[in-house]
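Student: The working numbering applies: residue 14 is where the sequence shown begins, and numbers increase by one.
These are computed hints drawn from the structure, not numbers from a lab.
The structure presented is a predicted model; accordingly, all values stated were derived computationally and were not measured.
Any given hint could be a false lead.
Stated by the list, open to error - Listed next, the in silico DSBU-like pairs over lysine-lysine satisfying Cα-Cα at most 30 Å (straight line):
#, residue 1, residue 2
1, K210, K312
2, K57, K210
3, K393, K233
4, K62, K219
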Amino acid sequence: MKKKKIIVTIVIIVAVGLLLAGGILLYQNYSNKNRIVTSFNDLKTSLTKTFNLDEKATNTSIKQTVTGSTKININPMFGNSSDGTDVIIGNLNNSTFNYEYRLDTESKRMYMDGSLLLNSTELLGLNFYQAEDISYAFLRNIFDKYIVIEDSDIFTYLEESKKATDDINYIYDKIIESLGSNITNDDIKVTNVDGKKKISLELNSKRLNEISKNIVNDLKKDDRAKKILGSSLDELDTTTSSSTTDNNNYLYYSIYLEKNDIVTYEFGVKDNNEDYSIEFNDGTEKSFVIKEGNTESLKATIEEKSGTTTINLSSNNTNIGTVTISDNNISFNIIDESSNTSLNANITSATEGNVITTTFNMAISNSGVNIDLLTLTDTKTVTDGVADFSNINTTNNIDINSLTETDITTIENNLMTILYNFMGITI
Numbered sequence: 014m015k016k017k018k019i020i021v022t023i024v025i026i027v028a029v030g031l032l033l034a035g036g037i038l039l040y041q042n043y044s045n046k047n048r049i050v051t052s053f054n055d056l057k058t059s060l061t062k063t064f065n066l067d068e069k070a071t072n073t074s075i076k077q078t079v080t081g082s083t084k085i086n087i088n089p090m091f092g093n094s095s096d097g098t099d100v101i102i103g104n105l106n107n108s109t110f111n112y113e114y115r116l117d118t119e120s121k122r123m124y125m126d127g128s129l130l131l132n133s134t135e136l137l138g139l140n141f142y143q144a145e146d147i148s149y150a151f152l153r154n155i156f157d158k159y160i161v162i163e164d165s166d167i168f169t170y171l172e173e174s175k176k177a178t179d180d181i182n183y184i185y186d187k188i189i190e191s192l193g194s195n196i197t198n199d200d201i202k203v204t205n206v207d208g209k210k211k212i213s214l215e216l217n218s219k220r221l222n223e224i225s226k227n228i229v230n231d232l233k234k235d236d237r238a239k240k241i242l243g244s245s246l247d248e249l250d251t252t253t254s255s256s257t258t259d260n261n262n263y264l265y266y267s268i269y270l271e272k273n274d275i276v277t278y279e280f281g282v283k284d285n286n287e288d289y290s291i292e293f294n295d296g297t298e299k300s301f302v303i304k305e306g307n308t309e310s311l312k313a314t315i316e317e318k319s320g321t322t323t324i325n326l327s328s329n330n331t332n333i334g335t336v337t338i339s340d341n342n343i344s345f346n347i348i349d350e351s352s353n354t355s356l357n358a359n360i361t362s363a364t365e366g367n368v369i370t371t372t373f374n375m376a377i378s379n380s381g382v383n384i385d386l387l388t389l390t391d392t393k394t395v396t397d398g399v400a401d402f403s404n405i406n407t408t409n410n411i412d413i414n415s416l417t418e419t420d421i422t423t424i425e426n427n428l429m430t431i432l433y434n435f436m437g438i439t440i
C-alpha cells in the first residue's frame, strides 16, 4: 500500500510539473507574440517623441496678411556661355520675386499675388483668389481674363486634412489589431543576440499574402475604416491577391530587449542570400541604420542637447556629415574625406517685430578653400488679424471649361515667349 502511495504521489508531481511546464511554455509563446504586436505602438510612441510629432497647432482659425520679397544669388562662375547657363544665372541674379498672401479661414477666402521681376520689370505675374468653393486665377502678361474653376473647395480639403492624423491613427490601430489576430506562434522566432532577447516576426511571401488578405477583410468589416479608405480598400485587395508566393523570400520585424525594455526595432527583407534592413535604436543611443547584410550603408545618430538636435551621419563606420537643428537654424555638412571636400548649407531665420528674414546659404569647401554656391534671402512682414479682400475684382472672367483652342494657344505661346526670353533664347 505504501509503495502504491509513493507511485501515485510521483505521478501527481510529474503531472503537475508537465502542466506547469506547458503553462509556462504557453505563456512564453503568448507573451512573445503579444510583445511583438504591442511593440508597434511602442515604436510609434518612440518615433513621435524623438521627432516631436505630437506637437499640434492650437490656432484653428487664421486671419492674416503676409507680404514679402525673395532674391537669389548664384555664383556666376558656374555659368557657361557655350550652353547658355551664364545667361540664366545672370537673369536669376537680377530677378526678384515679390508676393502677397491674404487668408481668412472663417470667411473661407484666400488671395495670393506673385510677381517675378527681371531688372525691376515684371516678367510674369499671378493673381489667385479663392472664395469658398470657387477659384479665380489671373495670369498677368499671359492671358487677359480671370480663369474660373468651380467646385474647387480648398478650405474643405484643408479642414479634412486636419482630421487626417486621427484617421491615420485609427487605420494604424485597426491594422495592428488585425495583425495580432492573424499571426500565430509559428510566425514568431526567439533568439539571444549579444545578451539581448530578440523576438522576430518572420513572414514568407505566402504567409504575408494570407495575413494581408485577412487584414483587408477586417478593414472592410469596419464602417469607419471603409469610410476613410473608400475605393482604395478594393485596390489593396487586388494587390494582396496578386502577390507572389515565393517562400524563399521573407519579411521580418524584430525587437531587441534589455531587461524587458525594447532598445532596437528592426524591419528587413531576406532575399535569397541578401539581407536588407533598417533599424531604429531607442536605447542610450538613438539612431537609424540602413544595412545591407552586416554593412551599415547609412547610419544617423541623433543627439539632443540644450534645445539643439545633432544628427551625425556615417557610412560603413566612416563619417560623412552632420545635420544640426535648433529653433532658428538648420545646417548640414556633407563630407568626402577621400577628396577633402565638403558641402555646407545653412538656413537661418531672424524675427524682429512682425518682420521675418530667412537666409539660405550653400557653399563648397575643398582643401580649406571655400566657394559660395548660392544665397537665397527672403524677407516678409506678417500682419495678424488683417485680411482685406475689398479691392479684388474678378468680373472679367471666363470659365475654364469655356476656354477655346485659340485661348489655350495664346496662353501657351505667351508663356513660352517669357521662358525663352528668360533663358536668352531667340525665337
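Student: Each of the hints needs a verdict: does it hold here or not?
Tutor: Each hint, compared with the structure:
no. : hint        : verdict
1   : K210 - K312 : 23 Å, holds
2   : K57 - K210  : 21 Å, holds
3   : K393 - K233 : 48 Å, violated
4   : K62 - K219  : 35 Å, violated
Of the numbered hints listed earlier, those contradicted by the structure are 3, 4.
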